[in-house]
Amino acid sequence: MTVGPEVLLVDDSAADLDLTREGLRRSRQPFQVSVVMDGADAISFLRKQGKHAQAPEPDLIVLDLNLPRKDGREVLSELKKDLRLNRIPVVIFTTSQANSDVNQSYAQGANCYVTKPGNFPEYAAAVQSMADFWLSLAILPRKEMQ
Amino acid sequence: MPGIEGMKVEDAPARTKLRVLFVEDDPADVDLASCALQRSGIDPEYDVADSAESFTAHVQKSTYDVVLADYNLPSWNGMATVEILQREGLDIPVVLVSGALGETRAVECIKQGAADYVLKDHLLRLPDAIRRAVREKKLREDHRRLLEDLARSNRDLEQFAYVASHDLQEPLRMVAAYTQLLAERYQGKLDENADKYIHYAVDGATRMQRLVQDLLAFSRVGRRAAERRKVDCSVVLATALQNLQTAIEESGARIEHGDLPTVTAEGAELMQLFQNLVGNAIKFRGSDPPRIRVTAEKAGREWIFSVADNGLGIAPEHAEMIFVIFKRLHTRSEYPGNGIGLSICKKIVEQQGGRIWVESVPGQGATFRFSLPTKIRDAERNVS
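Top line first, the protein sequences correspond to chains A and B. Residues 1 to 146 in my numbering are what the first sequence spells out, letter by letter. Residues 1 to 384 in my numbering are what the second sequence spells out, letter by letter.
Any given hint might turn out to be false.
Stated by the list, open to error - If you only want the chain B side, here are some residues facing chain A, beta carbon under 10 Å, derived:
hint, residue
1, 173
2, 176
3, 264
Calculated from the structure, these hints are not laboratory results. Quick caveat: nothing in here was measured; it's all calculated off a predicted structure. By construction, the Cβ of each residue, glycine as well, lies at the ideal position given by its N, Cα and C atoms.
Looking at chain B on its own, in the form it has when it is part of the complex (with noise of 0.2 Å):
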């Protein structure tokens, strides 16, 4: 096999090109740098820059892999090299190189954003220490950049549902609107299998309309983010329970409630939320009156509220199946509804940062339980 005179081939490590600013005062040092990592075979391809308005105009001009900055530069430091790059939005690793450092301050450096230290004179340790830099930026880019296509195709869906829900019910108005005046207008006139026919489709194209209303309602939460305030959850209980009287009266329900917070959230949103939770226990509930128990306590730095009832509860094994948008349990004849309102409730309670499940015993009623944060993260303090 041919090769390289005393070096195997396969032992000969790929060279690579990298582009380099040196923040150095000394050309000798750039040279030391420079040869221990061609030695490595980093074929580095540099600029130098010796002060920080230099340093400063380089990054803005060119682009590096990476940067190699001595710490103790007479004029300037080059820790100082972090802050630029900061300041500048760029993410371009940073190697210190310098002589006796000190661990306190190569720890304090690390800290604010160096990648890595190395001795000058252990600059054999130069050339791993700036692969690891390279490879932990590339990773980190990966990262950033699946965690934006994620948001994207997040935003993008989430659009697609409000947009194809809202101009589904255009179209979906006239179906409806005009399979029921063939109904009205024909029934009995025709014979037996046209009026079956005309009753299925007035009742696909009703059940359709709900669904398309239920989405939209469904994508419409978080929507108004901008609205939320200080709400009294007592009043917003209250309200909800107003919503619900006829339902509340027909099943004989007796739901009282411990002392409610004041929480940030979107108020409209978390009557839904107190509305459906409170309404599926009475919809769900077994053959006593349903008794119904809402209790908030404060755990850290969240709200856990809890909805008791003493309904038909669920089996462990549908305890997250529940959530998911358009499940049921239950047959249509059984219990009406598109299997939507817990997926709401969900949507809701994490667009305020908070979680929802549900404990139970089947035949021993459930707990549903969401947790609010007490207060606003820090970052929509600071819009407001």
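Chain A extracted, bound-state conformation (with noise of 0.2 Å):
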């Protein structure tokens, strides 16, 4: 049905989210991408709640920090106290360089912390090795049969 793992973008800008896909478009690897613009729809979608209800349930999170409705710190903080949800990877992906957010970030559990560069040729070189590292290269959790 579906080709490759499945990545869910949460992020408020849509200028970030296409060059996100800009570079997500230039890895190797086949896989389906959701995306979705802010913090409390990021939950809804996860727990598959209302409008979300046929949500597949992705392999890699890629969230950033400052989103409107909830912010993304809660956004992190909520799924890793969530049993079901806390063994997905949460790759950390936002402006912010603030040491309270990178220390915070992975004390919360974020499996990773990367800052979106400010030009495009390195913005899509960290998406793409960002995609090649979590997507090919490491091994993620396994989904149970449904």
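Take the two lone chains, each set in its own frame, and fit them into one complex as the hints suggest.
Here is the structure:
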């Protein structure tokens, strides 16, 4: 049915989402991408609530920190406390370079923290190596057969 | 010209209303002083306090232009008013009115904060003493207000620079990223002009990003004053040189340093200071490989640091200008940079209570010197 792993992008900036998709396209792996643009929607998506009843279970979550409705930090802490969701690797992908954000994210269980580079070649390269590492090199948690 | 009998109009002094608080136990003395004031054109609206308690109650309840205090009261001393006013945080001039006070004691009172003193048998002098005390108080207030305004406007400006440079980064990142994406995807697919225009846009956006980042770095200096602690300058310099390693190797620079002290500073900023100064010495080198010497010596209550090079040097008329933000002496193609490095150095040094300057003979190198206090200021020490 679906080809390759499922990636969930959580970002409120359409421009950044396009850049991220552009970077993902350059990666060698086949995968599916879903997008939600605020934190509350991210939680509903992951819990398959409301309009997300048919949502796929992602293999990787790429999460921005500054999000409307529910902050990325809250999303992270909520899903790392959720026994069904806490195995899914979360890559924090944000403009924030603040030490407090980096440290707090790891403390809450983020699997990786990457800042969005300021220019396109580096941005695309960052996304590409992120995808190559997480979707190809790393072994992801095994999903239960449905 | 109509006038008051026996007096020319232009001689009649403008009458002044003053709120006066008398500290006095003898009503006759209050009357005498009050008359002396009225005769010279001052209409006092006054209250009388005869004890420390009633004085405190009066100054808490009402506002006064001046306190006229008898020095010799049976129950308390007129100088106690000065202490009470200081405790209450009130700046009201106190003029002591007394019988023989004696020069030594009079001087002592003024030292402790009384505005003036007037002898009771010389009340003619009282109005002028009061006018002067009130005028001085107004000057003090104006001065304080100016300083407060200046400090506030400085804070606002810093906050503005910080917020502006911080918030500009996001939209600018979009402009840069998408012009670069355009360049990458459509290079050679439009016409020659399109390629050139996209290149200009990419170049402009990239340069502006650099500027905004530098501005942000500049406005961040001093925001971490709370993180000041004792740092060993030789360790700090070693870190700075490590960061400059590529430039040092490429230029063949030889860098030596004398004994460097331990100072109280924010380590990352001090590192930036050394890095900028040594980095400049390498960048603005002459035809010979750079030779740079970093030293420090104690001069009174300061350490004077020197970073001396054998580079291009700086003409005396540029010695001040180079510390101004965005000022550059060379074109960007000769030497890259935004003209922000030295202004960051200046801000770092001044935030720590020091000064920075340059001594140079063009063609014979430059010596940048900066001072840092050997001890942190008392006010800061009390906090820690």
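Status of the hints after comparison with the structure:
At about 5 Å, the closest approach between the beta carbon of residue 173 (chain B) and any beta carbon in chain A falls short of 10 Å, and the interface hint on this residue holds. Of the supplied interface hints, the one on residue 176 (chain B) holds, with its beta-carbon coming within about 5 Å of a beta-carbon of chain A, less than 10 Å. Taking 10 Å as the C-beta contact cut-off toward chain A, the hint placing residue 264 (chain B) at the interface is violated, the least distance being around 22 Å.
Checked against the numbered hints given earlier, this structure breaks only hint 3.
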